[in-house]
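Residue numbers (my numbering), protein chains in the order written: chain D, 1 to 231; chain E, 1001 to 1404.
Heads up, a few of these hints could be off.
Listed next, with one range per pair, are the computed distances between beta-carbon atoms [claimed, not checked]:
#, chain 1, residue 1, chain 2, residue 2, range
1, E, I1026, D, K219, 54 to 62 Å
2, E, S1023, D, D6, 49 to 57 Å
3, D, D183, E, V1290, 54 to 62 Å
Straight-line C-alpha distance at most 30 Å; calculated BS3-like pairs for lysine-lysine [to be verified]:
#, chain 1, residue 1, chain 2, residue 2
4, E, K1125, E, K1240
5, D, K84, E, K1007
6, E, K1254, E, K1125
7, E, K1004, D, K112
8, D, K77, E, K1007
9, E, K1264, E, K1232
10, D, K160, E, K1070
11, E, K1003, D, K84
12, D, K129, D, K61
13, E, K1004, D, K160
14, E, K1070, E, K1055
15, D, K193, D, K61
16, D, K30, D, K206
17, D, K112, D, K129
18, E, K1240, E, K1055
19, E, K1004, D, K77
20, D, K84, D, K112
21, D, K112, E, K1003
22, D, K112, E, K1240
23, D, K193, E, K1004
24, D, K77, E, K1003
25, E, K1125, E, K1232
26, E, K1055, E, K1232
27, E, K1070, E, K1232
28, D, K160, D, K206
29, D, K129, E, K1004
30, D, K84, E, K1004
31, E, K1007, D, K160
32, E, K1232, E, K1221
33, E, K1070, E, K1221
34, D, K219, D, K61
35, D, K61, D, K30
36, E, K1264, E, K1070
37, E, K1221, D, K129
Think of the hints as simulated: they come from the structure by calculation, not from any bench.
Idealized CB from N, CA, C, for every residue including glycine.
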Amino acid sequence: MIEITDLQKIYRMGDVEVRALDGVTLDIAKGEFLGIMGASGSGKTTLLHMLGLLDEPTSGKIIIDGTDISTLNDYDKTMFRLYKLGYVFQDYALVPDLTVRENVTLPAMLRKDLTEGQYRDACTDILTKIGMLDRQDHLPRELSGGQQQRVSIARAIVNKPDILFADEPCANLDTENSRMVLDLFREINEEMKQTIVMVSHEDWHKDYFHRIIRLRDGKVTSDGINDRNAH
Amino acid sequence: MGKKELKVAFLLALRSLQRGSRSSVILTILIIGMCFTNMIFLPGLFNGIGQSITKQVVDYEIGNVLVSPKTGDQYVSDLGATLDLINGMPGVERATPHFSKGATLKYRQRMLGVSVRAIKPNDEKLVSPLYTKMVAGSYLGEDDTGEVIIGRPVAGDTSIREEDEFQSSLGGVRVGDSITIDYGNGYVKDYRVKGIYYTGWSSADSAVYVTYTDMALADPKAVDNADYITVKTRPGYSEKFVKDELIQYGVSQKVQTTADLLAKSMGRALQSFAIINMVSLIVGIIITTVVLFIVITIKTINSRRQIGILKAIGVDQEVIMHSYGFQVIIMAVLGILFGLVLTLLMAAYLAANPIVTPEWSATLYLTPMDLIQNSLILFAASIVAGYVPAYQVSREDIQSAMRA
Ligand SMILES: Nc1ncnc2c1ncn2[C@@H]1O[C@H](COP(=O)(O)OP(=O)(O)O)[C@@H](O)[C@H]1O
Ligand SMILES: [Mg+2]
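Next up, chain D with everything else stripped away, as it sits in the complex (with noise of 0.2 Å):
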């Protein structure tokens, strides 16, 4: 499903070079819940953005469902992120002028292949799923970190894309409501064979992933599967 070869991200300011990737080598397979731990400024997220073509490598190749994304101009970025991509911001990263609903049905308003009646059921669905449905019409501002963060995720997963990232999405939950993600993001694994790459440092989510990578200073230094997830 994705391919990662030798992804090099060099951060230059000034005379400081900072090697956010130095060099990951990867396959991750379509339907695995992958997990991808390490320590703060290890470079989670900056390889999280190359995977979900929010940002260009230095050097290396991607390719994702066959698609080598280096390939691809930038309408072309945007309509893959539109169709196949979903992508959970570690800051939530809603839109300020939206409610929680046009929040989460702006993605799928603009895909072609739904209708309005489609898009809008489907909205409905994920925010009964999240329990935000009785906070549809309010602003990003007007709710806490964790609601946020489950808006962002179901604004994420509204279109199920082929693939989902998530950049610490439980960060700002409790254990209950980490655990609810979680076992969402189990649920349409299992159901619908999503991929799902997810970003952690919370030890105890390593239970719900199939495999678990770990970075250090933007290497991979481990990669193991969770036997206990392992299909």
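Chain D is fixed; fit chain E with the ligands onto it per the hints.
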């Protein structure tokens, strides 16, 4: 851009206007409205003044087409034949001659120099609305002799003392009174004042009118001569058409349209008007453009992060650009509507309370074409002003936009 993209762009535009700073949106709309009004008010006022002057000149001086003596001649001669020729032309409602002589009016102790205009009352009625402007008594009959109609300022007012008069008069002549006209050529005659009129056009109001029949007694030249002939055109025929046809069919006199004459006498003033109009148009466009440019630029800068997010979740940059475009369109349309309302209110006010002077009365003269044209110009300027920053910001890459 498909329908779905436009719908999303419109939703984003609407929400940004609703949830962003209300006061800046309202201020922007007000400014556009003011610019619109500013663009259209002065030209409309000048046009109104121009129209009112033109109407008076047409009504009381020269009609639509003026036939005057050819160079070197003092009079339009062979009057009967010339009038018959003109009156027979298609597009001519009626032609009527004027013959004026300077004279001194005497009434009791007062003396007043005036121009005595001889007219053919029945034909004059078809050309000039003077007969509808009688404030006392009645209009001249076709072959009246010894009867005169005089302007209200000439008649004067008994209650105003001579030294307090704004314009010298006969000091309060009333219908039925007798006044003496001394033509200065030895012909002196008493006339009965048959009527008093007031037109608001000062050169008509400070004259007196007698019939051609009467004038022929005072000056035999009036029998078959005129100072000029004024021609009224039929509706649907242009002045130019009638002028050309008169020349073509053998009117050997000088033939000019009102427009020709006004261009000559008011050419300078019209040029200045045109310059002022152009300046107010350009200023309106510049202010609107600059304001919208600044408003949208600030909006886009403040929402760079939001733009980054939208791109990240799969919203195309064109949709984002149009979302700002729609905001401009909405503000421009509301601003122009506000300007239209403001302009029409002022037009209604000025129509009810025109600025009246002896020479003209000013109302706003606005044609639907002026309103449409100005709306479109302002709208186009707004679009340009809004799309430039929208285009620029929508092109930014996701990473730098999101970090903003
Ligand atoms: N835009 C950037 N400019 C410069 N350095 C950056 C930028 N983004 C991330 N970094 C650096 O790259 C490294 C990896 O960052 P990040 O991927 O955010 O780590 P993590 O998500 O694992 O905490 C860090 O040292 C961070 O400071
Ligand atoms: Mg991170």
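Evaluated hints:
1. Hint check: I1026(E) to K219(D), Cβ distance near 56 Å, so the stated range 54 to 62 Å holds.
2. Roughly 54 Å separates the CB atoms of S1023(E) and D6(D), a value that falls within the hinted 49 to 57 Å.
3. A hinted range of 54 to 62 Å for the beta carbons of D183(D) and V1290(E) is consistent with their spacing of about 56 Å.
4. In summary, the hint linking K1125(E) to K1240(E) is supported, as the alpha carbons are separated by about 23 Å, within the 30 Å threshold.
5. For the given pair, K84(D) sits about 22 Å from K1007(E) by alpha-carbon distance, which is consistent with the 30 Å threshold.
6. For the hint pairing K1254(E) with K1125(E), the CA-to-CA distance comes to about 24 Å; that is within 30 Å, so the pair holds.
7. Between K1004(E) and K112(D) the alpha-carbon distance is near 8 Å, which keeps this suggested pair within the 30 Å criterion.
8. Distance restraint check for K77(D) and K1007(E): the Cα-Cα separation of roughly 21 Å lies within the 30 Å cut-off, and the hinted pair is therefore satisfied.
9. Restraint check: the Cα-Cα separation between K1264(E) and K1232(E) comes to about 20 Å, which is no more than 30 Å; the hinted pair holds.
10. Under the criterion of a C-alpha separation no larger than 30 Å, the hint pairing K160(D) with K1070(E) is inconsistent with the structure, at around 92 Å.
11. Proposed proximity of K1003(E) and K84(D) is supported: the alpha carbons are some 21 Å apart, at most 30 Å.
12. At most 30 Å may separate the alpha-carbon atoms for a hinted pair to count; K129(D) and K61(D) exceed this at roughly 37 Å.
13. This hinted pair checks out: K1004(E) and K160(D) have alpha carbons roughly 19 Å apart, not beyond 30 Å.
14. Taken as a hint, the K1070(E) and K1055(E) pair is honoured in the structure, with Cα atoms around 25 Å apart against an allowance of 30 Å.
15. Under the criterion of a C-alpha separation no larger than 30 Å, the hint pairing K193(D) with K61(D) is consistent with the structure, at around 25 Å.
16. A distance of roughly 19 Å separates the Cα atoms of K30(D) and K206(D); the hinted pair therefore holds under the 30 Å criterion.
17. This hinted pair checks out: K112(D) and K129(D) have alpha carbons roughly 25 Å apart, not beyond 30 Å.
18. For the proposed pair K1240(E) and K1055(E), the alpha carbon gap of about 17 Å is at most 30 Å, so the pair holds.
19. For the suggested pair K1004(E) and K77(D), the alpha carbons sit about 19 Å apart, so the restraint of at most 30 Å is met.
20. A hinted pair counts as satisfied when its Cα atoms are at most 30 Å apart, and K84(D) with K112(D) qualifies at roughly 13 Å.
21. Distance hint between K112(D) and K1003(E) is fulfilled; the C-alpha atoms sit about 10 Å from each other, no more than 30 Å.
22. At roughly 61 Å between alpha-carbon atoms, K112(D) and K1240(E) are farther apart than 30 Å, so this suggested pair is violated.
23. For the given pair, K193(D) sits about 29 Å from K1004(E) by alpha-carbon distance, which is consistent with the 30 Å threshold.
24. Annotation: proposed proximity of K77(D) to K1003(E) holds, straight-line Cα distance about 21 Å (limit 30 Å).
25. At roughly 11 Å between alpha-carbon atoms, K1125(E) and K1232(E) fall within 30 Å of each other, so this suggested pair holds.
26. Using a Cα cut-off of 30 Å, the hinted pair K1055(E) and K1232(E) holds, with the two alpha carbons roughly 12 Å apart.
27. Using a Cα cut-off of 30 Å, the hinted pair K1070(E) and K1232(E) holds, with the two alpha carbons roughly 20 Å apart.
28. Annotation: proposed proximity of K160(D) to K206(D) holds, straight-line Cα distance about 23 Å (limit 30 Å).
29. For the hint pairing K129(D) with K1004(E), the CA-to-CA distance comes to about 26 Å; that is within 30 Å, so the pair holds.
30. Note on K84(D) and K1004(E): the hinted pairing holds, with a Cα-Cα distance of about 18 Å set against a maximum of 30 Å.
31. With a C-alpha separation of about 22 Å, the suggested pair K1007(E) and K160(D) falls inside the 30 Å cut-off, and the hint holds.
32. Proposed proximity of K1232(E) and K1221(E) is supported: the alpha carbons are some 25 Å apart, at most 30 Å.
33. In summary, the hint linking K1070(E) to K1221(E) is supported, as the alpha carbons are separated by about 17 Å, within the 30 Å threshold.
34. Straight-line distance between C-alpha atoms of K219(D) and K61(D) comes to about 15 Å, which keeps the hinted pair within the 30 Å bound.
35. Between K61(D) and K30(D) the CA atoms are separated by roughly 18 Å; this keeps the pair inside 30 Å, and the hint holds.
36. Between K1264(E) and K1070(E), the direct Cα distance comes to roughly 17 Å. Compliance with the 30 Å bound is thereby established for this hinted pair.
37. For the hint pairing K1221(E) with K129(D), the CA-to-CA distance comes to about 107 Å; that exceeds 30 Å, so the pair is violated.
When each numbered hint is compared with the structure, violations occur for hints 10, 12, 22, 37.
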